[in-house]
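Novice: Sequence:
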Amino acid sequence: MATAAQWIEGARLRTLPLAVAPIIAGSAAAYEINEFKPLYAFLAFLVAFFLQVGVNYANDYSDGIKGTDEDRVGPLRLVGSGVASPRSVKFAAFACFGLAMLAGLALVALANQWWFLAIGASSVFAAWGYTGGKHPYGYMGLGDVFVFVYFGLVATLGTLYTQAHTLTLLGWVGAIGIGLISCALLMANNVRDIPTDIEAGKLTMAVRLGERWSRITYIVEMALALGLGVLLLDENPWFLLIFLLVGPTIHSCVTVWTRGGRELIPVLKQAGIVALVYSVILALAVWLGSLDIISHEVQVFTGY
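Mapped onto my numbering, the consecutive letters of the sequence shown carry residue numbers 1 to 304.
Since the hints were made in silico from the structure, they are not lab data.
Think of the CB as a built atom: it goes at the ideal place given N, C-alpha and C, for glycine as much as any other residue.
Among the clues, some could well be false.
[Said to hold, decoys possible] Quick list of simulated restraints, FRET-style, between CB atoms: (1) Glu235 <-> Arg212: 37 to 45 Å; (2) Trp213 <-> Phe243: 23 to 31 Å; (3) Glu235 <-> Ala5: 40 to 48 Å; (4) Val149 <-> Gly67: 22 to 30 Å; (5) Thr3 <-> Val254: 35 to 43 Å; (6) Ala4 <-> Glu199: 31 to 39 Å; (7) Ser290 <-> Ala5: 41 to 49 Å; (8) Thr166 <-> Phe42: 37 to 45 Å.
[What the hints assert, rightly or not] Below are the DSBU-like pairs computed for lysine-lysine, each with C-alpha atoms no more than 30 Å apart in a straight line: (9) Lys66 <-> Lys37; (10) Lys90 <-> Lys269; (11) Lys134 <-> Lys66; (12) Lys269 <-> Lys66.
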């Protein structure tokens with residue numbers, strides 16, 4: 001039987017920045033138009049948190065019973081290592097999905113946006129179908145699409161829309177940027193796992209592209225995410241702060257380009273932190289932009 005510490009490790013809490021980042025970005029976009037609602041943001045966080053942990057347990061279960069995790073490099077796999085039964089891990093995954101649905105139900109009730117229930121249901125089905133079921137789309141190279149849509153667009157724009165009932169440029173930039181960084185993290189993870197995925201018949205996007213083009217894709221995704229900040233400068237020059245992430249991003253890109261196997265594990269943490277800091281910078285820029293005097297001085301200094 002797995003210990004509490006092993007269950008926590010199996011939850012892969014290092015991936016949680018990807019759950020928090022879109023909530024911060026979406027809430028920042030709501031704050032920008034004076035529509036920020038803390039309770040709504042908290043409920044959105046609970047949805048994202050439990051979905052993220054649920055996805056991690058679901059992947060552990062599905063990959064474990066398929067034998068994909070037998071020679072996997074990286075964090076503990078509960079089923080693959082034999083420390084927990086497949087049934088218990090599957091139960092943990094669906095328990096998390098259930099908690100996410102409860103938080104989502106409360107959120108849509110408060111926001112009076114009942115059509116969001118359909119999006120919530122699709123999120124759960126997509127989370128399970130990533131590696132679960134007879135035809136998991138994560139095994140067909142479509143996992144990147146899932147990550148971009150749900151960890152980027154749905155999570156960020158959903159957070160914004162439930163609070164403000166509208167979408168904004170900042171919301172879209174935050175959603176696309178975080179979606180791209182999330183895809184980059186997945187790409188780095190899958191580059192690391194290419195040898196074992198090929199043996200297991202798991203045709204991830206990295207397997208399909210090959211190592212060289214997968215590494216190039218990581219670099220392009222990270223560069224595009226930062227480059228999107230240019231679109232926001234006309235309305236608020238404080239968004240220049242996004243480019244503080246250029247240094248850490250270059251470092252991670254160099255690592256992805258030159259390393260492999262276990263040496264890519266730190267990149268996963270770095271990319272998650274970049275996503276989180278990216279969202280915090282968006283929120284900070286919005287707040288600083290609300291200080292008209294300082295914002296005016298920055299505009300004079302930068303020319304924006």
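Novice: Each hint: holds or not?
Specialist: Verification of the supplied hints:
Separated by about 39 Å at the C-beta atoms, Glu235 and Arg212 satisfy the suggested range of 37 to 45 Å. Remark: the range hint 23 to 31 Å for Trp213 to Phe243 is upheld by a beta-carbon distance near 27 Å. Evaluation of the 40 to 48 Å hint for Glu235 and Ala5 yields a pass: the beta carbon distance comes to about 47 Å. In this structure the hint that Val149 and Gly67 lie 22 to 30 Å apart at CB holds, the actual value being about 28 Å.
A hinted range of 35 to 43 Å for the beta carbons of Thr3 and Val254 is consistent with their spacing of about 37 Å. For the hinted restraint 31 to 39 Å between Ala4 and Glu199, the CB-CB distance of approximately 32 Å keeps it satisfied. Taken as a hint, the range 41 to 49 Å holds for the pair Ser290 and Ala5, whose Cβ atoms sit roughly 43 Å apart. Range check, Thr166 to Phe42: Cβ separation about 21 Å, and the 37 to 45 Å hint is violated.
For the hint linking Lys66 to Lys37, the alpha-carbon distance of about 43 Å lies beyond 30 Å, and the restraint is violated. A hinted pair counts as satisfied when its Cα atoms are at most 30 Å apart, and Lys90 with Lys269 qualifies at roughly 25 Å. A distance of roughly 11 Å separates the Cα atoms of Lys134 and Lys66; the hinted pair therefore holds under the 30 Å criterion. Restraint check for Lys269 and Lys66: satisfied, since their Cα atoms lie roughly 26 Å apart, inside the 30 Å limit.
Consistency note: the structure conflicts with the earlier hints numbered 8 and 9.
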